[in-house]
Amino acid sequence: MRVVKHAFLSLRRKPTKAIMIFIILFVVFGLVFTGIIIQNSITSSKEFVRKELGAVVEMKPDYIKAMTDQLDNKDYEQLSLSATLAMEIAKDADVKQVYINETTAVSSEKLKSAQKEGGNVSLVAVGSTSASAVAFMLTGGNTFVPIEFDYGSLVLSEGRYRTAEDQGKDTLLISEEFASTNSLAIGDSVELTSSVDNQIYTFEVLGIYQGSSSNGVDQMYTSLESAKKLAGTVSDDQHASSINFALKDPLEVDSFIERHKVEIPTAYIYLDAKDTEYKNLTRPLDLIATITTILLWVVFVAGAIIMLAIITIFVRDRKFEIGLLLSSGESKLKILSQFVFEILIVSIIAFALAAGISNVSSGYAAKWIVNNQLVEEKTASSNQMISIGMGQEMGTEVNISDVAKEFNVSVDRGVILQLILLSFGLVIFSTGAPLMIILSYKPRESLQD
Amino acid sequence: MNPIVFELDQLSYGYIDGGKKRMILKDLSFQFEKGKFYTILGPSGSGKTTLLALASALDVPETGRIMYEGKDIKKLGYTKFRRNKMAIIFQKYNLTDYLTGVENVESNMMIVDKKWTGNRKETAYTILASMGIVKTKADRLITKLSGGEQQRVAIARALAKDVDLIFGDEPTGALDTATSHEIIELFKRLAHEYGKTIIIVTHSDDVAQNSDITLRLHEGKLNIDRKES
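Protein sequence lines correspond, in order, to chains A and B.
When we follow the working numbering, the leftmost residue of the first sequence carries the number 1, and every step to the right adds one.
When we follow the working numbering, the leftmost residue of the second sequence carries the number 1001, and every step to the right adds one.
Chain A with its partners taken away, still in its complex shape:
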């Protein structure tokens, strides 16, 4: 009762030092909060980039290294992607789905290419029995929904994906253009010739998609089993054309690669997380984050030291009052509580005002960052493409403009909790030691000073 009453009376009637503490805390909190909010926004933006780039990690052959090392033909085996290893890695709890694809060239005498002039040139069927046969790319995947539909720009516009009921059947997903060129509809049959043994297989059109894959509109999708059948690799579980791991959390990409790169037995296969693109896009953000972190710590430490000095003066200035209370038999803990309570009241007011103002000021700071840093960097970066498999690309694009658009100041519960903890830490750090001096005071000495 006395502690609370006297704390309020002291603050009201002798406000000079309390105002000094308030100003310091307000300025320090304000700057630190602005820094934290901007950092949080930067983290969100980086997460946005990471998410936009996708949580897909590709197991890729390193052809450049192979060429640089001038590998012998027999050693090119080291560039083969192992489906067995992929399945082993896919046991990781962070993996949502592993996409194992087999891509093979097929041909048909009856089908025409849907490629427009000036676009991808239609392939001529090499090794086909007929000179008039046109070649197409057939990709078979281990999943019902191919990765290009899950993470790329292809959208099923008609029909359906494969299901468990289609097990053992040869089914196809074809593009709208291909369907239109060849007058194909859902349920129609298509004959495709294997480029390995020239055997003809009949496929049922199950779905028609919108969009263009990197292989053009002639690209067809089927099951892994069907593709392997046509590629002549049915009995070979050790090889795949492309392997992709879709992770549950895009932010776990780096740790996932770190964990599993040691499992890859050859130096010519690597796990790619589109790091170059990510780093290019996040470089300006990292720079801002670094500067903000430095400023934040400078302000935090300087603020804590100033606070420490002021609180020391604050306590010393009231040594006589402490002596008087001690001589009356007041416990040191209660005296300490009164001082803590006073500083707490000032801190809470400073916190509330600083939090409110920082929310606004960080908005202005964010606008400045977007206008002066991100947008200016825009010209330095080009659109980044995510490649899936050999020679294939998926059309997801992320550029600085997207990042700038996404850069919003956000204050969520986590940030508020962070601000509270930080403020509490600052107050404890800067007031703890000077207030502890009270515990060392002796009544007679305090009264004599």
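The hints are simulated quantities; they were obtained by calculation from the structure and are not laboratory data.
Cβ atoms here follow ideal geometry from the backbone N, Cα and C, with glycine treated the same way.
Please note: incorrect hints may appear among the correct ones.
To be verified - Only pairs whose alpha carbons sit at most 27 Å apart, straight line, appear in this in silico DSSO-like list of lysine-lysine:
id	chain 1	residue 1	chain 2	residue 2
1	A	K17	B	K1080
2	A	K319	B	K1092
3	A	K5	B	K1075
4	B	K1080	B	K1114
As the list claims (entries may be wrong) - Label-pair distances were calculated between CB atoms; the ranges are:
id	chain 1	residue 1	chain 2	residue 2	range
5	B	D1097	A	M436	23 to 29 Å
6	A	M436	B	R1022	28 to 34 Å
7	A	I345	B	D1176	38 to 44 Å
8	B	T1079	A	P15	27 to 33 Å
9	A	I345	B	G1064	43 to 49 Å
Chain A is fixed; fit chain B onto it per the hints.
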């Protein structure tokens, strides 16, 4: 003879002066009776204030014991002893500067463990009124009162604790003669009518003459100088 309420037993205390230890109190012993008004005289530097600081547990003796109602105050707990068994009035009107007169008095009432019956603030006003501090003055910040008024508040603050043992370090030093006499009369009344033990350190012969027993501190020992028959 009244029962012994407070006792100094073989107290010794010294400090380092010019590299040498100088003993101010040497095996000092004395027993104080309940309901008596004591004054302690002695020249400057004789150790009067130190003796008062030890007796009121503001400092700790090097050797010896201080007994309250037969119990060592060390065992009782110095803080608890200061809180519930004694009150002290200082030479400088030691008051909290951001509180009013009545709040200063109330402050001491809030510190003691005793539960107050009735309105604590009204009791504080009554005590202040008995010291000649009317309500309008009692409600003023302590810094707005004169030196004499502040000392009256300091005395009221000590009395408000309602304890049996009251120490004073030149409590009438800042008061005019008339007020000083009033306070001395009050101390006498507190001792004789209410059974309080009053121990005052003073330079004033006038105050000493009005006490029941005058003690003199000489060469670290406490001797009876005068005793009212």
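Outcome of the hint check:
1. A:K17 x B:K1080: violated, 32 Å
2. A:K319 x B:K1092: holds, 15 Å
3. A:K5 x B:K1075: violated, 32 Å
4. B:K1080 x B:K1114: holds, 12 Å
5. B:D1097 x A:M436: 23 to 29 Å: Since D1097 (chain B) and M436 (chain A) have Cβ atoms about 24 Å apart, the given range 23 to 29 Å holds.
6. A:M436 x B:R1022: 28 to 34 Å: Given about 33 Å between the Cβ atoms, the range holds.
7. A:I345 x B:D1176: 38 to 44 Å: holds, 42 Å
8. B:T1079 x A:P15: 27 to 33 Å: holds, 30 Å
9. A:I345 x B:G1064: 43 to 49 Å: holds, 45 Å
The structure shown violates the earlier hints numbered 1 and 3.
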